[in-house]
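These protein sequences, in sequence, are chains X and S.
According to my numbering, the stretch in the first sequence is residues 26 to 234, in order.
According to my numbering, the stretch in the second sequence is residues 165 to 489, in order.
Calculated from the structure, these hints are not laboratory results.
Take the hints with a grain of salt, since some may be wrong.
What the hints assert, rightly or not - Reference listing, derived: stretches of chain X covered by chain S, where coverage requires no fewer than 3 residues with Cβ under 8 Å from a Cβ of chain S: (1) 86-96; (2) 136-144; (3) 149-157.
As the list claims (entries may be wrong) - Derived EDC-like pairs: lysine to aspartate or glutamate, alpha-carbon spacing no greater than 20 Å straight-line: (4) X:Lys-152 <-> S:Glu-371; (5) S:Lys-358 <-> X:Glu-41; (6) X:Lys-52 <-> X:Glu-73; (7) X:Lys-64 <-> X:Glu-41; (8) S:Lys-332 <-> X:Asp-214; (9) X:Lys-175 <-> S:Glu-371; (10) X:Lys-171 <-> S:Glu-371; (11) S:Lys-463 <-> X:Glu-158; (12) S:Lys-382 <-> X:Glu-68; (13) S:Lys-382 <-> X:Glu-103.
Ideal Cβ placement from N, Cα and C applies to all residues, glycine included.
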Amino acid sequence: MGSAPWKEYYLELEPERRAQILERLLKEVPDDGSDRFRKKLFELRYLETDHRSREVDYSRPSVDRYLWQCVNFVQLYETSRFFKRGARREVTQFLSGNGYIEAMEAGPDGERALYWEIRNAARRFFKTCSGTEYRRALFGLMSPGKADQKNQMCLDTWKMTEGIAHRLGITKDLSVWTKAVMDEYHTTDPLAEDRMRKLILERGPGKKQ
Amino acid sequence: MKTIKNNPIVKKLGFNRIILFIILLLMYGAFSLIIPGFASTARIMSILNYVYFLGFLALGVTFVIATGGIDFSIGPVMFCCALMSGYTLNTYGAPVIAALLMSVVIGLLFGCFNGYLVAYVGVPPFIVSMATMNIAKGLGSVFTKTQSVSWPQSNDPTGNGWFRNLVKVDGIPTGLIVFIIAIIILYIVMNNTKAGRYILCLGSNKEAVRLSGVNVRKWQMLAYVICGTMAGIAAIFFVSAYTTVQPGLGDTYNNEAIASCVMGGTSMGGGLASIGGTVIGVFVISLLQEGIMAMRMTKEVQMIITGLIVIVFVYADVSARRRKN
């Protein structure tokens, strides 16, 4: 997480709380070279477009563009079987418009901030996966069992990382994204490694990738 | 089998869809062999007439199932649209175009009603659609005073039968052209628009979509509005192909439309929808209905067979999930 004080910031999932922590830590902790990226990534991740041109209002984060991409990439993987060009353009637009490329090209300082920001988004995504709304079965009438949820989470993780990267041929561009999401996934499930091998690589969609 | 499944073309087209298409061809071959004259143009036209209205119903409900919901009211809503607009046409002398538009508007209103209750009030879709099913049946009966409604024939002396050209003009199945255009539009909406993406994402992880700042209620409601509108359009194709509409009916088409979606690869849990698969499913069901009818089996037998098909495909979907996990 760069340095220990930033742990609190990257573990917090609520945008409003994160905004407060960020503001405080930027003042209190000496800059390790990643501060401008942390600030920039926060703005690009949470704040409305209108706010960018004006003075940024940290008290009102209203969207989460990185969390959205966690859900979106899963769907993009499913719907880009035939028309890859549009899907690739969509991913590229996200990468270039949300500080990803900028941070990646800035060297280790930018990459570090980006990596932890993505891990935070992935963490928020995985938290939603333990809720009752995640992948309900039989026209929304049944809640899935815990094991089913874990397996589905594994499939979704693969689709939003290696799956989409391979399908669209952008593994290099999505390398930080893939690593961050996968690393976070491995911390959420003790059987992650085993599950990923069985469900994806041995008999699932990743077999021939 | 594993080698076939891992073939890149099979992976692209979808193994289940290919199997379903093969089943469709085999069924057609089998019926043609068993029933004399099954491969005739008249029979194909009859199958297409069924495909049109069932297709619109199934395509509409695909959007709702993609969100992780369900709509059991589409069949009765279609009948309600046909009854109310037909009654207005016959009793109040409304122009045909107005009656057709009225049909679509009624469907849209039912969609708004269902969508509002599910998305904004938070009533489970199962309950809402079951209630709407009864409302639609009752409303159709009350409006027409429990009388069946006949739409004008193509040779109607008043010239009001022009709308039948929507399905057939001089033996040319114009309905098929309209249906293909609708498929293309709905495919694009589902796979290449913001609305379609939100609808699919809602089915896979509603909470994450909400936290991303997306107005989940709006997009969830939209799925029901599309479904209701499609039921209104289906009513137009129903009355263009058939003449009389009876009140209190329509619920058998729910099963057929939902079965078409599920067998076409739309996941019952939401988040995964296939417009192409639904279309193949519609052809399978329509062919089956026509085949059963050609074998002179009763409507009741048709209902039993359709019900069994729904159970088989729902079971197949559930067991495939279990196997996968």
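Here is how each hint holds up against the structure:
1. 86-96: holds (count 8)
2. 136-144: violated (count 0)
3. 149-157: holds (count 5)
4. X:Lys-152 <-> S:Glu-371: holds (10 Å)
5. S:Lys-358 <-> X:Glu-41: Outside the cut-off at roughly 27 Å; violated.
6. X:Lys-52 <-> X:Glu-73: Judged against 20 Å, a Cα distance of about 24 Å means the pair is violated.
7. X:Lys-64 <-> X:Glu-41: holds (14 Å)
8. S:Lys-332 <-> X:Asp-214: The given pair, whose Cα atoms are some 59 Å apart, is violated under the 20 Å limit.
9. X:Lys-175 <-> S:Glu-371: Given that 20 Å is the threshold and the Cα spacing comes to 16 Å, the pair holds.
10. X:Lys-171 <-> S:Glu-371: holds (17 Å)
11. S:Lys-463 <-> X:Glu-158: Outside the cut-off at roughly 39 Å; violated.
12. S:Lys-382 <-> X:Glu-68: Between Lys-382 (chain S) and Glu-68 (chain X) the Cα gap is close to 26 Å, so the pair fails against 20 Å, i.e. violated.
13. S:Lys-382 <-> X:Glu-103: Roughly 23 Å between the alpha carbons, so the hint for Lys-382 (chain S) and Glu-103 (chain X) is violated.
Checked against the numbered hints listed earlier, the structure breaks hints 2, 5, 6, 8, 11, 12, 13; every other hint is satisfied.
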